[in-house]
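Heads up: the sequence lines are chains A and G, in that order. Residue numbering for the first sequence follows numbering that gives the first Met the number 0, starting at 0 and increasing by one per position. Residue numbering for the second sequence follows numbering that gives the first Met the number 0, starting at 0 and increasing by one per position.
If you're looking for bench data, these hints aren't it; they were derived computationally from the structure. Any given hint could be a false lead.
[What the hints assert, rightly or not] With a straight-line Cα cutoff of 25 Å, these simulated DMTMM-like cross-link-like pairs (lysine to aspartate or glutamate) come out: (1) G:193 x A:46; (2) G:280 x A:48; (3) G:188 x A:57; (4) G:42 x A:60; (5) G:193 x A:73; (6) G:281 x A:46; (7) A:26 x G:218; (8) G:281 x A:73; (9) G:193 x A:60; (10) G:42 x A:17; (11) G:193 x A:57; (12) A:26 x G:235.
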Amino acid sequence: MIDTNQFLAQMQEVLEIEDRTLSPDEKFRELPEWSSLAYLSTIAMIDDEYNVIISAADFRELQTLGDIVRAISERQP
Amino acid sequence: MYFHFQNKQITGMLTVVPQHRVRFEDEIDNYAFSRAQSVQLQKVMGYNERRVCRRTDACISDFICHGFEHLFSEGLLTPGEVDALILLTNSPDYLVPPDSNILQGRLGMKQDMLCLDINQGCAGFMVGLVQAMQLLEQPEIRKVAVVTADVASRTHSPRDRASYPLMGDAAAITIFENRPSDPIHVFMKMDGRKALSIWQPAGGLKEPASEQTIRMREETPGNFMTRHHIRMQGDEIFNFMMREIPEMFADLFAHYGMTYNDVEAFICHQPNKFILNRVAKKLGIELEKMPANIVETFGNSISSSIPCCITHNFGQRMEKEDTHFCLAGFGEGLIWSSTILRLGSLDFCHIIEMDI
Numbered sequence: 000m001i002d003t004n005q006f007l008a009q010m011q012e013v014l015e016i017e018d019r020t021l022s023p024d025e026k027f028r029e030l031p032e033w034s035s036l037a038y039l040s041t042i043a044m045i046d047d048e049y050n051v052i053i054s055a056a057d058f059r060e061l062q063t064l065g066d067i068v069r070a071i072s073e074r075q076p
Numbered sequence: 000m001y002f003h004f005q006n007k008q009i010t011g012m013l014t015v016v017p018q019h020r021v022r023f024e025d026e027i028d029n030y031a032f033s034r035a036q037s038v039q040l041q042k043v044m045g046y047n048e049r050r051v052c053r054r055t056d057a058c059i060s061d062f063i064c065h066g067f068e069h070l071f072s073e074g075l076l077t078p079g080e081v082d083a084l085i086l087l088t089n090s091p092d093y094l095v096p097p098d099s100n101i102l103q104g105r106l107g108m109k110q111d112m113l114c115l116d117i118n119q120g121c122a123g124f125m126v127g128l129v130q131a132m133q134l135l136e137q138p139e140i141r142k143v144a145v146v147t148a149d150v151a152s153r154t155h156s157p158r159d160r161a162s163y164p165l166m167g168d169a170a171a172i173t174i175f176e177n178r179p180s181d182p183i184h185v186f187m188k189m190d191g192r193k194a195l196s197i198w199q200p201a202g203g204l205k206e207p208a209s210e211q212t213i214r215m216r217e218e219t220p221g222n223f224m225t226r227h228h229i230r231m232q233g234d235e236i237f238n239f240m241m242r243e244i245p246e247m248f249a250d251l252f253a254h255y256g257m258t259y260n261d262v263e264a265f266i267c268h269q270p271n272k273f274i275l276n277r278v279a280k281k282l283g284i285e286l287e288k289m290p291a292n293i294v295e296t297f298g299n300s301i302s303s304s305i306p307c308c309i310t311h312n313f314g315q316r317m318e319k320e321d322t323h324f325c326l327a328g329f330g331e332g333l334i335w336s337s338t339i340l341r342l343g344s345l346d347f348c349h350i351i352e353m354d355i
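Isolated chain G (complex conformation) (with noise of 0.2 Å):
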């Protein structure tokens, strides 16, 4: 299905990263693999440096206030300007009170607000993206922010090395508004016959905590992860992203009636080097037209894949020329989505690092 806005646009995005850097070579051996097998799979993958979190409490909301206290001490944006938070995250502070009405409080946002958790991953951020824009046509929403962020190397295990390896932490602002645009179609389509692809399976009421879901356990050959952990159906999802991804690019842009050459670049979840690199091929497009260099610099960030290509990429260039992107989130739910929107004369545009 077609959502359509008129007259939207993204007004600012920060990224928020550990400090922390640490390189596949450096846990290898945590893994149940020959170093040379281990060593194939990460050219091909294109892991190397990721950024994750030192502390083992790290917690979204760290980042979350880290990078809204930024924005305003660097007066980017203040408490009392913000219609609606929406945060969209797998790996939440807590399951109940919602974490959004946590930051409100934390934060010193005003009461006339909406305050929503979702909970999204993978395609996280296109989520958020339709939501704030079907909030702005209240006509007392003038500013939403959508917030992403994941702590993956708190969900993943680290001797999971088909995720973990993967993974990085970050999470990011991103400001909508209305102002004057053309037409924005957001492509969305769900199966939640696979739903479980991509999966925690203990935590819930399904599944309580209890001395066996805390057991490491190993759950494919090598691999060893706590039901706590969140697993990934490497098959399944592959699968899944060379059927429906070229597919719906084409079928976006024969809705916008535009070509691939009408985009700058192709602005996608990053789930790896590899299946990007062999979307972008399908396309026919070049390989630099969809950056697939997040895995190999920060780490798949989950919810904040695509404001972490965009800042790293582009960033400050964002804040003076606008151009056209393609932007798309897939995979957990399962869920593919995507839309072209004109991007630039953003008010900020980069990332910042935590000590955390």
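Pulled out of the complex, with its shape left as it was, chain A reads as follows (with noise of 0.2 Å):
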């Protein structure tokens, strides 16, 4: 299992968010941030820092961030 502070941590720097933490149960699609780019930026950074790449349809299955953890830890090689 990957660590989910590392990780909500690298999320709030691709989603530009300063002013508050996130938490594992934060519904990221529901974020202001959110956004078709930060999609491509969440997708580029989890390759960079974890060799991951979770296709497309497996991530619209995502809503948590928590989700996104388990999916990269079930992914890695």
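Assembling the complex is the task here: the two chains are given apart, and the hints tell you how they should meet.
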């Protein structure tokens, strides 16, 4: 299992959120900072940091940041 | 799979673009997104200026005839020399007959030749390259013109922010001939299970034009288009490119027994700057080694993106020097294909503008 706190910090950076802390329960698609560009940046960051590429179809199923953490962990080499 | 060829060369390359320039800022209000959001997207994707037709009835045949007539009048090619004309496009003038036959007639080419239309987009140049090299195995075929052309500004919706601000119109004519060369290997893979990731639903017999198909509809949040517009499933295509393209280059270079340093540049299809810079980073090469400046200068001209990238970035230098390039096309199909070849001492290698 990857480090959840580390991932949340990386997501804050991707989404350029400085004024609050994200939690694993956060429904990321409902965040005002979420966009198609945020999606690309997230996938790129996960590839850089964890060497994992989550397919578009699988990613569409994910709802919370905790879901992404689990998806990465399941796919890590 | 790999295709193998010997003694084949590109001997000329011409790109035709419209004179008319459009800036992303001028169109930003067509899109149903906040200005701040669009500006951020512009920065990352490399949106800036594009070349698009002003005329709403502009066709690929206009571009192609302009290009050939330029070559004929400059004495760089004669109509009778062309033994095969292969046209790769997503936006033909007609579904019947093949545009290449119409072009043959309009351009006064000889009857002893092969005309071939192929429905291809982003990887069109690579598919054309393979076809041209195969045809050159025939003793009566000495010169093949690979013609790539698309009027993307008419096949994409002006209210689709996911594709329209990327696209530009262009055509290119690339001449292939038998000349001494090192062995050429062409990597080619296809995945038809994801074929509808880039898709124009209506206009064929499956979904003929009707009042329903010509209505503008919100297909994805904020993006409006008719069923006749090409739509792209951005997330699917992005993931495909991230997964397959770096792996393809590793395979190709291993096949040649070469390293990334052995080529002067990676000339790729030009989907956007974000993807190309990421691929370059993944390969561990300098970003400049994989030019990504076509979207911001001309727009992504679909099948002509590779010739556009060569003529713009290397141009007439290619008429004197020669150097190793890696060429790669990927997208629609889905198809991903690449090769390494020596390019140079070309009879011509430039861009012309057209008032259209």
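Consistency of the hints with the structure:
1. G:193 x A:46: Since the Cα atoms of residue 193 of chain G and residue 46 of chain A sit roughly 21 Å apart, the hinted pair holds (cutoff 25 Å).
2. G:280 x A:48: At roughly 13 Å apart (the allowed maximum being 25 Å), residue 48 of chain A and residue 280 of chain G satisfy the hint.
3. G:188 x A:57: Given that 25 Å is the threshold and the Cα spacing comes to 23 Å, the pair holds.
4. G:42 x A:60: violated (29 Å)
5. G:193 x A:73: Between residue 193 of chain G and residue 73 of chain A the Cα gap is close to 24 Å, so the pair holds against 25 Å.
6. G:281 x A:46: Holds, because 10 Å separates the two Cα atoms, which is no more than 25 Å.
7. A:26 x G:218: Since the Cα atoms of residue 26 of chain A and residue 218 of chain G sit roughly 23 Å apart, the hinted pair holds (cutoff 25 Å).
8. G:281 x A:73: Answer holds: residue 281 of chain G to residue 73 of chain A is near 23 Å, not above 25 Å.
9. G:193 x A:60: holds (18 Å)
10. G:42 x A:17: holds (21 Å)
11. G:193 x A:57: Within the cut-off at roughly 14 Å; holds.
12. A:26 x G:235: holds (21 Å)
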